[in-house]
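Peer 1: Heads up: the protein sequence lines correspond to chains A and B, in order.
Just remember that the numbering used here sits 538 ahead of the position in the first sequence, which is counted from 1.
Just remember that the numbering used here sits 538 ahead of the position in the second sequence, which is counted from 1.
Mixed in with the good hints there might be a few duds.
Note that the list lumps identical chains together, so a pair holds whenever it fits in one copy or between two copies.
Said to hold, decoys possible - Once the Cα atoms are required to be at most 30 Å apart in a straight line, the calculated DSS-like pairs of lysine-lysine come out as:
1. K630 x K663
2. K548 x K767
3. K548 x K663
4. K842 x K548
5. K649 x K630
6. K776 x K721
7. K767 x K842
8. K721 x K789
9. K776 x K829
10. K789 x K776
11. K548 x K630
Note that these hints are calculated values from the structure, not bench results.
All figures in this text were calculated on a predicted structure; none of them were measured in a lab.
These are the residues of each chain, in order.
Number of protein chains: 2
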Amino acid sequence: MTGEFDIIRKYFAPLAADFDGAFNLGDDAASLPALETVITKDLLVEGVHFRARDSRSSVAKKALRVNLSDLAAKGARPLGYFLGCVWPLGVKEETIAEFAVGLREDQDQFKISLIGGDTTAHIVKGAPLTISVTMIGALGSAGMIRRSGAAPGDDVYVSGSIGDAGLGLAALNGEIKFAAAHKLYLAGRYQSPSPRVSLGGALGGHASSSIDISDGLIADAGHIAEQSKVAIDIFADKLPLSDAAQSWIEKADDADAALAQLASFGDDYEILFTAPATRRRSVELASQVTKTPVARIGTVVRGKGVRLLSAAGAPIAVARAGFDHFAG
Amino acid sequence: MTGEFDIIRKYFAPLAADFDGAFNLGDDAASLPALETVITKDLLVEGVHFRARDSRSSVAKKALRVNLSDLAAKGARPLGYFLGCVWPLGVKEETIAEFAVGLREDQDQFKISLIGGDTTAHIVKGAPLTISVTMIGALGSAGMIRRSGAAPGDDVYVSGSIGDAGLGLAALNGEIKFAAAHKLYLAGRYQSPSPRVSLGGALGGHASSSIDISDGLIADAGHIAEQSKVAIDIFADKLPLSDAAQSWIEKADDADAALAQLASFGDDYEILFTAPATRRRSVELASQVTKTPVARIGTVVRGKGVRLLSAAGAPIAVARAGFDHFAG
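Just need the whole structure built from these sequences, with the hints factored in.
Peer 2: Structure (structure tokens):
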């Protein structure tokens, strides 16, 4: 195995070549120009946030994309990221090379740069690959979209489709059987979330609140409700579903319960947001211009908490709202 | 064990209360005003960067201080930090509480704030506590002090004393015996490095290059030499030593070899910097004003690499320059 500095020079410095203040990773710190920024940090741990058998290239992309998704939900344009990796004991150089390929592909796709970071290795056998990404975004004149701006009467929207990542994980683990094409699609939704970077950038000044869906639609709507001091009603029959998810619902004994499950699955990395009813045309335009599907799925009301309502207007029981790393 | 959100609310949100853009950790991201910033990121892994038996409060401080030290070496004033923690499986709430106490004490001492972060837990038994800190500093008008500005003829300086942390670790592990007072002092130097935040802030406009000593004096001088495309001569008899280190040198069979070892130990978190000879008075003043000892230990010359020279001017062999996480 090559040494630490060679690894940085060979695999990581090229990823920082386009960012002046990264100094080719040859200094102790990076320097950033005076910009109003939004910063987010998400950790990924093997076995918790990705599977041991997932390709290191897809893991690299996921680490970037969960952070890109956070910035998108805040209406920020991504600039670059700081990367911290703790590799397993005895990691092979090819593994790091493959990880760097994933970073490069997503840097090109999302026009971002590596800015700085730290690389080290475990000394305990079996300790998992741990990845920490801190991502920096620039704000437009409309400022950051908070979780706390939703007001009674606002519409509730979500991008893309709901529950696919959870079904994808279940499909990969063999817990649910799908037709081959559906399995491929759902697995991709779990392994390579598509952060809604363009849509997020277009929502500034229109959305009253926003969050990306990582804990699950219901749980994340709960975060908006809590921070905005409102309640949120979501209409189960308005939830946007992929063909694959639709096929699963159709086979379910209890369609409402199945919808509730989709609304509880995490890792979708869609944007859940609210906007005043006067902004319906602006939201539609943002969706069209950025070629991102957006569905109106609910309404903000006075009160507390989140209700999932059937077509008949009856509350649907939601068993489990999101994943808690410390529950037990 | 309380849930993830309760942990954040109870232990971490209070640490972010003073920073407006942290939104009490109640949003997906933090927002920072338009400032010219320096950003650094350092990972700490249990067993690699701190010992399993070190108190979680001292570990919290070390995680902050290694990053504060990076900012100090760049001439930046620390503002705040993003914190990522991966706790061991089954971590107790008291452990997290103790960790938060350490953060609070250092936040007060160094006038910084928690700005954002992420907290999760391992699902593999025996996987170590892993801490990722990304720290943000503000730059004065003199800009960032790079590694690359040293020029032939410059003086080489170092703050504080050299090799204490390495001796401290050896003392803690029972590999070297010291008098009780010396052991206590050295252990403190290993477990609670004192980042030279004030001195760093006073060196802007005077130092031509700078780095903090984490890999070891010789190795870090090597980083400056490489980035500045110069050679560095260090005079062994000018190395500033603590009383404890001095007592160890006096007992050594080969004093030069022992000095070389001190100059190879990592984790000192002193500032190693260069400045033109015309700035000697400015450096002296910076040292006085910030009450930080500074020793002139060498000179920058044309060429490549770092030489440790005896009082007679003969090169002293240096066995091992710094620690490589991937060597093996």
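Peer 1: What are the numbers of the hints the structure violates, in ascending order?
Peer 2: none
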